Amino acid sequence: MRGAVIVFPGSNCDRDLAVAFRAAGIDPVMVWHKDTSLPAGVDVVGLPGGFSYGDYLRCGAIAARSPICVAVADHARRGGAVIGICNGFQVLVEAGLLPGALMRNAGLKFICKPAPMTVATADSPFTSGYTVGQAVTFPIAHHDGNYTADADTLARLDGEDRVAFRYMDNPNGSAGDIAGILSENRRVLGLMPHPERAIDPAQGGTDGAVLFAALAGALADA
Amino acid sequence: MTMKAVVHVMLKPGVLDPQGEAVRHALGALGFDGVNGVRQGKVIELDLAGTDAAAAEAEVRRMCEKLLANTVIESYRIEIA
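So the sequences go chain by chain: R and D.
Using our numbering, the letters of the first sequence correspond one by one to residues 1 to 222.
Using our numbering, the letters of the second sequence correspond one by one to residues 1001 to 1081.
This is chain D alone, in the form it adopts within the complex (with noise of 0.2 Å):
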């Protein structure tokens, strides 16, 4: 058995995100025009040996904290499947 673990990572609130505007900006251009903010973050998929959720969930928790995450400017959310 394995499980899949997904690692949403974003810029924490009122981080100015340069590419997320960037992306506003050139949806407005197409026409969309009920565009009021886009963040872009960065989605992690993990194969994971063992079938404990809850010990998987601490163990991605750490891989975030050392790792996956820049928690000066980033928060992360993990899921585990």
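In isolation and in its complexed conformation, chain R is listed as follows (with noise of 0.2 Å):
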């Protein structure tokens, strides 16, 4: 089972989501921004957290429009599973992966601390391990993750079971207390919290080690 892991310039959580895809036992490549394909065998591609391209005009808009991001569409629409982490969930929105934008904080700030959150949906391959409405806590580390979008997408999702977590205590003003959302066929992951600095006991809690076990399960049973 083999993972990529996308590199922007700017990306800085791509080693910590390499160690947490190998933990799981999904075998992590690295894959720089410029390549124009998926290394031949990839079942999982994740959007790492960062600030690519120094978040140069709105984050993750440049990182969506570079040559690999063209690989990782085609890859999503054959089914793939994609993972976009904080800045990888907003280079998804900017690639229309995803519906919605991430906006600045609402209160301005940039907000480093562990967010507590609910799992809305246990239906993807992301959240099977956990039950709906279980409480977990992943660190979030972002000035602009404030979620949007206009009433009818958020209908939509709510209608399809397609946000994957909600905090408790919304942070950044996102609508409805979004962190994560699915995409239509659940197999597209976008997320503000870092679920791969929650897998380990020194970092504080394993609550992030559950999403990356039940991928590994779901992408060894496809």
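The set of hints was computed from the structure by calculation and includes no laboratory data.
Quick caveat, the model's predicted, so the values are computed rather than measured.
Treat the hints with care, since some could be wrong.
As the list claims (entries may be wrong) - Listed next, the stretches of chain D that the computed footprint assigns to chain R, with coverage defined by at least 3 CB atoms under 8 Å from CB atoms of chain R: (1) 1011 to 1019; (2) 1030 to 1036.
To be verified - Some but not every residue of chain R turned toward chain D, in silico, with C-beta under 10 Å: (3) Gly54; (4) Arg58; (5) Ile62; (6) Val93; (7) Glu94; (8) Gly96; (9) Met103; (10) Asn105; (11) Ala106; (12) Leu108; (13) Ser183.
The beta-carbon is built from N, C-alpha and C at its ideal position, and this holds for glycine as well.
The two chains are supplied separately, each in an independent frame; assemble them into the complex guided by the hints.
Right under this line is the structure:
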């Protein structure tokens, strides 16, 4: 089982994500943003956190138009699994692989702290290891995590059970307390909190390890 | 001959602009009482080759749709000079 971790100039959680993949039994391969194709046999693509292209223009905007993202979009369209964390979530919405947009935090501050959330759906390869309503905590570390979408999109996300996680104590103004959402086929997850920073007791919690273990299990069954 | 295009990118009406709100509060703190609202946007200047203003505008429009604006939350206005 292989997981591609895309590395943009300014990515800074790429190695953490590779460690989380490896700990779950997903063999990580680092892929540079200028590559035009994914390595053969990649089961999941990870878009890591960081500040790709210095957040120039809009967070994730330039990364979403980089050569590798064409291949990532093809992978997603073929039903491949994709997880975008923090800046990776911003890249996914900028690339149009997930709906909505991530705006400046309502309080205007960069927020770096553990974020308690509830699991909103267990119906995805990423969240099948949790139960709906379960409390989990992943750290957040972002300036632009204020999820915004028009009323129709928010209603559709709710109606189709595509909200993956909701904040318990909304830190950034996100509509509907949304911390993470799924694509229509439920194979693409974008979330602002960092599950890869919660996989080892030394990090203060292991709630994120469940996500990567569930993902590895789902990929192994496929 | 070259042309210049100026693109104004603004948040759409109804999209909350936390930065604009912060600027409005700061203006109030400085004693500027009459400010009911502030919206903050971006201005992008492009130096373009060519002389056909209509073609240039169409091209810049494509640039806005593909990259310069996020049309989920932003609107844009193009001036060709």
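Quiz item: Close enough to count: is the Cβ of valine 93/R nearer than 10 Å to one in chain D?
Solution: 8 Å, holds
Practice problem: Would you check chain R against the stretch 1011 to 1019 of chain D, counting CB to CB pairs closer than 8 Å, and say if three or more residues qualify? | Solution: holds (count 4)
Quiz item: Should the interface hint for leucine 108/R be scored as holding, given a Cβ-Cβ cut-off of 10 Å against chain D?
Solution: 5 Å, holds
Quiz item: For the stretch 1030 to 1036 of chain D, do at least 3 residues have a Cβ located nearer than 8 Å to some Cβ of chain R?
Solution: violated (count 0)
Self-check item: Cut-off 10 Å, beta-carbon criterion: hint that glycine 54/R touches chain D
Solution: Since the shortest Cβ distance to chain D is 15 Å, the answer is violated.
Quiz prompt | Given hint glutamate 94/R near chain D, where the shortest CB pair must fall under 10 Å | solution = Where the cut-off is 10 Å and the nearest Cβ of chain D is about 7 Å from glutamate 94/R, the hint holds.
Practice problem: Could you check if alanine 106/R really has its C-beta closer than 10 Å to a C-beta on chain D? | Solution: Because about 5 Å separates alanine 106/R from the closest Cβ in chain D, which is inside the 10 Å limit, the hint holds.
Quiz item: Holds or violated: is the Cβ of arginine 58/R closer than 10 Å to a Cβ in chain D?
Solution: Given a least distance of 6 Å, the restraint on arginine 58/R holds.
Exercise. With chain D as the partner, please determine if methionine 103/R meets the hint condition of a C-beta pair closer than 10 Å.
Key: Methionine 103/R check passes; min Cβ-Cβ to chain D is 7 Å, inside 10 Å.
Quiz item: Taking the closest Cβ pair, is isoleucine 62/R under 10 Å from chain D?
Solution: 8 Å, holds
Practice problem: Classify the hint on glycine 96/R as holds or violated, based on whether any CB of chain D lies nearer than 10 Å to its CB. | Solution: 9 Å, holds
Exercise. Answer holds if the nearest beta-carbon of chain D is closer than 10 Å to that of serine 183/R; otherwise answer violated.
Key: 16 Å, violated
The structure fails to meet hints 2, 3 and 13 from the earlier list, while all remaining hints are met.
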